[in-house]
Amino acid sequence: MPSSTPASASPEAKAPLLEVRDLRVSFRTERGLLQAVGGISFRVDTHEIVGVVGESGSGKTVSQMSVMGLINDPNAVIEGSILYKGRELVGLSQRQLRSVRGNEIAMIFQDPMTALTPVYTIGWQIAEQLRAHNRLSSGAARKRGIELLAEVGIPNPSVTFDRYPHQLSGGMRQRAFIAMALSCNPSLLIADEPTTALDVTVQAQILELIKRLRRDFGSSIVLITHDLGVVAEVADRVMVMYAGRIVERGTTREIFADPWHPYSWGLHDSIPPMVGARPRRLPSILGSPPSLLDLPPGCAFSPRCPHRFSRCTERPALAGAGDHEAACFLSPEQRGQALAARRRPLKEAS
Amino acid sequence: MNQATGAPLIEAVDVKKHFTVGNSLLAGQRRTVYAVDGVSFKVYPGETLGLVGESGCGKSTLGRCLVRLYDLTSGSILLKGREIGAMSQRELRPIRREMQMVFQDPYASLNPRRRVGDLIAEPLRVHGTASRDEIERRLKELMALVGLEAEHLNRFPHEFSGGQRQRIGIARALALHPGLLVADEPVSALDVSIQAQIVNLLADLQERLGLTYVFIAHDLSVVRQVSSRIAVMYLGAIVEMGPTEALFQAPAHPYTEALISAVPIPEVDRDDRRKRIVLTGDVPSPMNPPAGCRFNPRCRFATELCRKERPVLREVADGRTVACHYPLVQAASAA
Amino acid sequence: MVSLLIRRFAQMIFVMLGISILVFLIFFATPGADPASRIAGRNASPEVLAAVRASFGLDRPLPIQYAVMMRRLFIDQDLTSFVNRGEVVVPEVMGAAPVTLSLVMGAAVFWIFGSIAIGLVAAATKGSFLDRLLMVLGLIGISMPVYWLGEIVNLITQKELHDTWLFSWVPQLGYTALTEDPWLWFKSLLLPWITLAILYIGLYGRVLRASLVEAGQEDYIRTARSKGLSESRILIRHALRTSLIAFVTLFGLDFGALVGGSALLTEVVFALHGVGRLTYQALLDLDLPVIMATVMYASFFVVFANALVDILYAILDPRVRLA
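Residue numbers (this note's numbering), protein chains in the order written: chain A, 1 to 350; chain B, 351 to 685; chain C, 686 to 1008.
With the rest of the complex left out, here is chain A (with noise of 0.2 Å):
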């Protein structure tokens, strides 16, 4: 069970490890200006992992990207803070950038087929990240690798070390990619659909894998993610994206066992479940999400809501209680009604 970090009441506890105040990305395009991420604000602590789910325009790739500066679009811009170890990324000069890419924050990509260069050997890449923040001879860096790999829980690292990427399989490819990652021992991993392009039974390791690299390397993991299974397995917090904004987060108990965004209701009801009654038609959300050209006055969400009402066309802010917030307008009461109406249809047809 993913351990629930204490609410951060007094500004006296333990900074955080990466504080994101209103960020903002837009691109600019011939046909406007593109919103991909509309101002949103969230903190990573250090040794917990952080879900962001959302589906495909929800903002939330482009939001991690800009943690690093890895947005390399001339047309973009990026306003807002982000702090790491008290320190502003935004505005950082691409030298000083790489300073900390890779060094003392790592991504790892969705698919490790196209993330490694083919051209080059799995070995020659963890080395090469190694010597870029590290003075090492190639010989200890080759030891260092090797370690890494095993790590990962490769069988082999000598013999896979090696190798060139296309010559391991999917799963191995990951590891390889993550051990790669941890390789300047980065206090902070940005996950961006890691277990996407793998079958389900090599994910169940992966996800074995990125627990326990919370717990044997210290690192803090934010796990980018359409699935909420792999979420609800993994994550200490979510936040859930839509449209370029945080519409709710909270801990992962909190988000699962009582969401209070209607998005969230929407996600959820629309898994098919993997166990108890099917339903005879999966409840889905109507329409499709705006275009980030032309986004609705108010509520992003409201033109697919069926639970909006007159106040909807003022944007909500995130509020709630503690960590669980939701940026919606509906009260508790108001909530309770929407969920009672939306199960009854579901106990008719089962």
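Keep in mind the hints are simulated off the structure, nothing from the lab.
Cβ pair distances, simulated, as ranges:
id, chain 1, residue 1, chain 2, residue 2, range
1, B, Arg-505, C, Ile-1000, 47 to 53 Å
2, B, Arg-381, A, Glu-30, 45 to 51 Å
3, A, Ser-41, C, Thr-810, 35 to 41 Å
4, B, Val-371, A, Pro-74, 39 to 45 Å
5, C, Arg-1004, A, Val-275, 40 to 46 Å
6, A, Glu-30, C, Gln-843, 52 to 58 Å
7, B, Arg-443, C, Glu-916, 55 to 61 Å
Computed from the model, here is a short list of chain B residues facing chain A with C-beta under 7 Å:
id, residue
8, Ser-405
9, Val-613
10, Val-618
11, Asp-632
Because the structure is a prediction, the values reported are computed rather than measured. Positions of the beta carbon are idealized from the N, C-alpha and C atoms, including for glycine.
Mind docking chains B and C on chain A? Use the hints.
Frame of chain A; chains B and C shown alone:
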């Protein structure tokens, strides 16, 4: 989700599909991929057979063999009792009206240079003697059937979202009134909320048009939702087959058990938190299947018998078959 | 890897055999003209014709003729030209080969370094004025016909500005062997090298830039950046290394063709007696034995270059190696 009764709509009998890779001129360089290696099953009218498995299990290849997009290496396929496995392309042409395929990638399976109307009308024009008016009418009918507007017919694929493109693909597949639809990962490339819409659409269409589905997917929760019966594939063979509920509640094959337990559940505080069975190692390559039972290197119950002898599909309970020497569900007659 | 090498070379021999048969058939078996009169040249006397028929076995069946031809070409090497009386063909071709090789190899050095430099700079400064300027210059380089450029170069360096300090070092048109006088060899080849290279620098520079920009979109470049590597390291070690695969393949093919004689325009303009110029001359004179020899020589180099490129590809791209 109807009962399996009567004569099957489509039947596969010991279907094998092998691919040769490497330099085919020199014998030493030739290697065989045993993509599908002896698969037999029946699909009854009105039901949905789910084909589930991980990469390399052969489910997509099997799907394509069923609709004869591939030639079979050996074995036969019977559509309404007629052997179509060995038919030539020309003989198959009229048969193709009766079975169609819906593909996985809504971005790649639609020709970006053709308008949607042309894409859907093409099967009608190629096969039919339908007049221009009849085609127009059918197109409008199909668009309404899949939940799109008639005006969308004039647009190009790139103007649509993933979910809409998948609807277009389904409309195209339905153009000739097929009885059988083979859907190869039709929702895997879509967002979760759109997946639900398409799954619902497929269910609606099945009821309205009396379609039969073979639903290929790797996502177990989706397969559980849509299928009346499920076949689990591993390394080119079916290891277990049976009604959905029974299979999920009490899997008979160790692989099925591991597969189901590996799926992360989007819930917290589950009292009956099933123990996660983490399989060691990766799926072996279909070029080098292990001797004996294909699953034996990763099976925690494997014995000498498993390493030597390949098990065949045997019935263990009502309508349930397993290919295992020590199935987890015993036959009623056994002690 | 070894089996790949063996396989490739076996294929090469096979193809060479096929080409030799094809060339032979073209010259000896096309209906309408008498091979003997083709070989003997335009104004051959009947005795010469008879002698030709005898020495080439033209009254024997075709396969024998082929065997005779191949033997004379490769083993005896006593094929003589009838147009340039008594000129032994094979040594003539072999004598012209070093000239072509010197020209093409030197040009290749210029064009490799030039195009990589241009490609890298243009890709690194993508979208800037410099990038656009380089691409336009490249386009100009491609568009200038090499013979025109060569003549202009000659006009300036040999005639108009020859007496100025800038070009007074330029020697007379012609070739001096490396072994005879290295400095003169270098001086007489410098301008031909640059002239020949300009076309290829333009072409390869543009191709490399496009290839690098495309590689820049790849996931592994994003990974490299996330590792904290410098942009130049990413460009050279990751983007260039992967783009080089296509670059090298193209280079091999062009190089092979050039050595085989495609540099003939440059050779003619700069009065370098290489194989290209030899072929050109023989075509003008309809000197069949010489043409046969140069065609065989040229095709050998193209086939050889192809085989070499395939092997190089396997060395550069590990994914191909173990397929």
